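Asker: Protein chains in written order, with my numbering: chain X, 1 to 379; chain Y, 380 to 666; chain W, 667 to 845.
If a hint is listed, it holds; no wrong ones were tucked in.
Dumping the calculated EDC-like pairs for lysine to aspartate or glutamate here, alpha-carbon to alpha-carbon at most 20 Å:
#, chain 1, residue 1, chain 2, residue 2
1, X, Lys363, Y, Asp623
2, Y, Lys633, X, Asp284
3, X, Lys275, W, Glu791
4, W, Lys758, Y, Asp454
5, Y, Lys426, Y, Glu447
6, Y, Lys634, X, Asp284
7, X, Lys232, W, Glu722
8, Y, Lys634, X, Asp170
9, W, Lys757, W, Asp728
10, Y, Lys633, X, Asp170
11, Y, Lys426, Y, Asp404
12, X, Lys275, W, Asp832
13, W, Lys812, Y, Glu469
14, X, Lys293, Y, Asp623
15, W, Lys710, W, Asp799
16, Y, Lys439, W, Glu806
The set of hints was computed from the structure by calculation and includes no laboratory data.
None of the values given here were measured: they were computed from a predicted structure.
Here is how the chains run, residue by residue.
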Amino acid sequence: MKFTLPILLVAATVGLMVVALVSAGQAGGTVGIAAGSAISGLTPKASTPDQGLTNFLVDVQRRNWDRAFADLAKSSAPDKESFIQDWIGSNGSLRSFSNLESFEPRPMHANDNDAQMRVRLHWTTPVGPIEDVRDFQLAKEGDVWKVIWPKIQTLNVPAEVIPVTYLRWDLVTGTASEDWGSKNIDAPHVRIISMNAVDSAEGVVVMGEIVNEDTIPAFVNVNATVLDGSGKAIDDETSFDKIDHVLLPKQVSAYRIDFPNLNLRDVKNVRMDTKASLVPASADPVIGVMNQKVETDPQGKTVLRGDLMNESGQTVNIPHVIASFYDNNGKVIWVSDGYVDRALLPQSSEPFAVEVPRSLAGKVQGFHVVVNQYSLGRS
Amino acid sequence: MLRTFLILASLAFSAATVGLSAAQDIRVPSSIAAGDEATISTTGSGKATFYLIGPSVSRKNDVNLGEEIKLQPRDVQIAGNYLALVCSGECRSANFYVSPAKPAALTFLVHPSRVPVAQGDAISGVAFPFDQFHNLVLAPLTVNFQLSVSNSAMFSRQVKTQDGAAWFRTSSGKSAGAVQAIATLNDVSTRRAVQQVASDPCNLRIKGERTKTGLLLETEPVHDCGGNIVPDGTIVTFTANEGDTRSTVDAPIKKGIARAQISGTAAATISVASGVVIGNELRIGAK
Amino acid sequence: MQSASKILSYSNSRRGAAVVALVLACGFMLSAADTPVNVQLNLKKAGPRQVESLTEQAILRDYRLAWTSIAQAFETSSADPLEGPFAGEAKKQLVDVAIQQQQSGLSQRYLNQTHHLDAVFYAPEGDVMELHDTAEFQLEVSTGGKIIHQEHIVQHYVVLMTPAADRWVIRHLQAVPQF
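Excised from the complex, chain X in its bound form (with noise of 0.2 Å):
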C-alpha cells in the first residue's frame, strides 16, 4: 500500500514523456520548440508530408543548420551557405536580427510521390511581428519526405565605382553663448495636406499626407487627439514608423495613427499637431519603386507589389515600405506600411508587397509609395 502512491507517479511521469515524446502536431503558436520533439534530436519520422516540413523548420527554427540541411531532397541539391544566408539574413538586413518564432503549415496538395505546403511563417523582429507566407515543395524519397529546395538566384553585384555627388545637410548647433534671438534657426515648415479618419477592424485610423514646405530636410511626427462631443480629449496617439520621418525638401509622405479599440461615432473632433525639427540628411540613397501593380495573391489578399531599386551606391540594410490608396476623389481611403526583410544592394531590386483591406480593394484608383530606409553606420 505505501508504494501504490510513488509507482503511480513514476507510472504517470514515463507515461507523459513517451507522450511527448512520441506524439505528432504542429507547431503553431507556440514560441521556440515546435510540438512534437521537445528534445534535440527525437523529431518524429518525416513519414508525411506535413512531418516532413515540421521537422524541417523546427531544425530551422533551432539554427540546427546540418539537419535542416539534411532534410532537403537530393534533386535540390542547393549550396549550404547560400541556403543557410537564406534564412538568416545578410547585409545587415531585417533576417538578420530576426527569430523565426512559430509556423503554420498547411497541405495543398499532395499524392504518393510529391506534395504541395502553405506555410504562414511567424516571424520576431525588431519592427514587431512579421508573416510571411511561402510555399512548399516536397518530394518523397525512400518512406521519408523531403523538402525540395528553389534554386536561389544570387545576386552578383558587380565591382563598380559610383561617385555620391548628392546633397548632404549638416546640422551645427554653434557656440555662441546664451543670447536670445541668436541661436534662431526656424523649425522646418511642414504642412499636413490631407486627413481622413476611419473605422476599421482594430479601432479609429487617423491617415492621410504631410509635406515638407521648406529648403531643408526635416524630421517629422504627426501626432492626433481625437475628441469627443464636448471637445474633452479621449486618446492622443502619434504615427510611431508609419510615416517616413526624414522628409527631404517638397518630399511628401503618408502618416497613419492608429486608436485601438476606439470608435468614430465616439469622436466628434480630431486635432492634429505636428512635430518637426532640424536634422543632418542626406539625399542618398534613392530608391526607385518599379513595376507598382495592385493585384490579388494566391491567399486572395489584395496586395500591392513592386520592386525596390536602389539606384545608389551604398546597401539599404533595412527598407520600408509606406503607401497611400486613394479613391477617385483623390482622398486618401488607407495607408499600408512594410518592412523589406532583406537589405538592399546597390544598383539591384528587391520585391515588396503590402496588403490593401478587403473592404477598400475596389474602392483604391491611385496609390503613391515612399520608401523608408535605415542604414546601418549612417548617420
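Could you slot chains Y and W onto chain X? The hints should help.
Answerer: Relative to chain X, chains Y and W alone:
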C-alpha cells in the same frame, strides 16, 4: 499715591516704547538706478541684523544701528522691488525700487530664418532694449530697423518702443539670397540673417529618352515663378505609367536639374511633381 | 444628572475646540506651495498677433505653475522647482535668490496669490509674449523658524514669456512701480 504711581509707570513705559521706536528706524533712497551705489540710513544704537531681499538677492549682515549701510553696485544690479529689514529685537522694514540703467544691448528676434521670395508680410522682427545688467528698459526709445540684400537697402523703419518692445513686419524681396537685418538703438546694434529662398517650382518640365534598360528622365532647370533656381536637394517625383503598372522615383535636384532612371520596356506616360506642384506629361514609345 | 450633562457638554465643547484647533493648525501647517495660485488673463490689448485659444490655456497653466514654483522654491530655499517654468535671466535671478537664502537662512512664503494678467504684446510670429501682472499675495519672511516680516503685497510685474518644447516659460520677470 497709587494713581500717581500708575500714571508715572505708564508714561515711563510709553517713553520707553517711543524710545525703542526712535532708536531703530530705517530710511531708504527714493530711487536707485541699477548698478549705482546707494546707502540706507538707520537710527538708534546697538547691534542689529540687516536683511536685503530683492529680485536676485537674499542676504543678511550684522550692522550697527545709527550707521549707514552701504549697498554695493552688485547688490542692486537687477531692477525691481527690494525689501530692506533691520532687526534688533523687533524689525523695521522699508521698500525701494531699482530702475533700469541706460540701454546697452538689444535683443533682436527675426523670423523666419528662411523665407520664400516675394511673399507679403513674410519677415517680422521684434527688439527689446536691455541695460548692461539685463534689465528691460521700459522708457520709450527709438529703434531703427534695416533690412538689406547685397548692401542694397530693402527696408528701413524707425519704431518707438512701447512697454519695452518695438516690432516691424515687411515683405520678402524678389531675389534669393541672404538678407541682413539690423536693429539699432543709439550706438547699440544687433544683426541677424534671413535666407530668402526660391518659392515653389513653376513650369516644371521634363524630357526623357529610352535606354537599353529603361527610361532616362530629366527635368529642365527648375525655377520658381520669379526666375530663382529652386535649391538643390528639393525632391522631384517622376512617375511612369506603363500599362497597368507604375514606377516612381523621388529624385533630388542637383544644380537645378533632377534626373531619374526607370526600368521597363513598355510604352510609358511620364509625369512629374514637386511638393504639390505638377509638371507636364510625356509619352515615350515601347522598346 | 444635571452635573453629568454639564460635564458632557463641557467635554463636548472641549473636544470641539480641540478639533477646531487641530484644523486651524493644519491650515497653518500647509505650505505656501499648497495654497492655490489664482491667475486671470485678459487678452483685449494683445497684438499684433491674435492669441490662439490653445495658447491662452497654455499661458494660464504655465504662469500658474511658474508662481507655484517660485513659492515652493523660496519657501524651501531650493532651486529645483525653478527648473522647468523659467529660462534665461529670470531663471538665473530666481536661482540666485534660492541659493542665497540657503546661505543666509532666510525663507519667504508667498501666500494667497492672485495674478491679474494683461497680455500687452504678442509678436507676429508668436515667439514672445509680454504680459503685465498685477500680483497680490501675502508675504512672510522668516529666519530660523521665526517670522520677521509680514506684509500684504500688491506688486506690478512686466513679464516676457516664450514658447519652449512643450510649454511657455518665463524668460524675464521685472517688478515695476507702475505700468
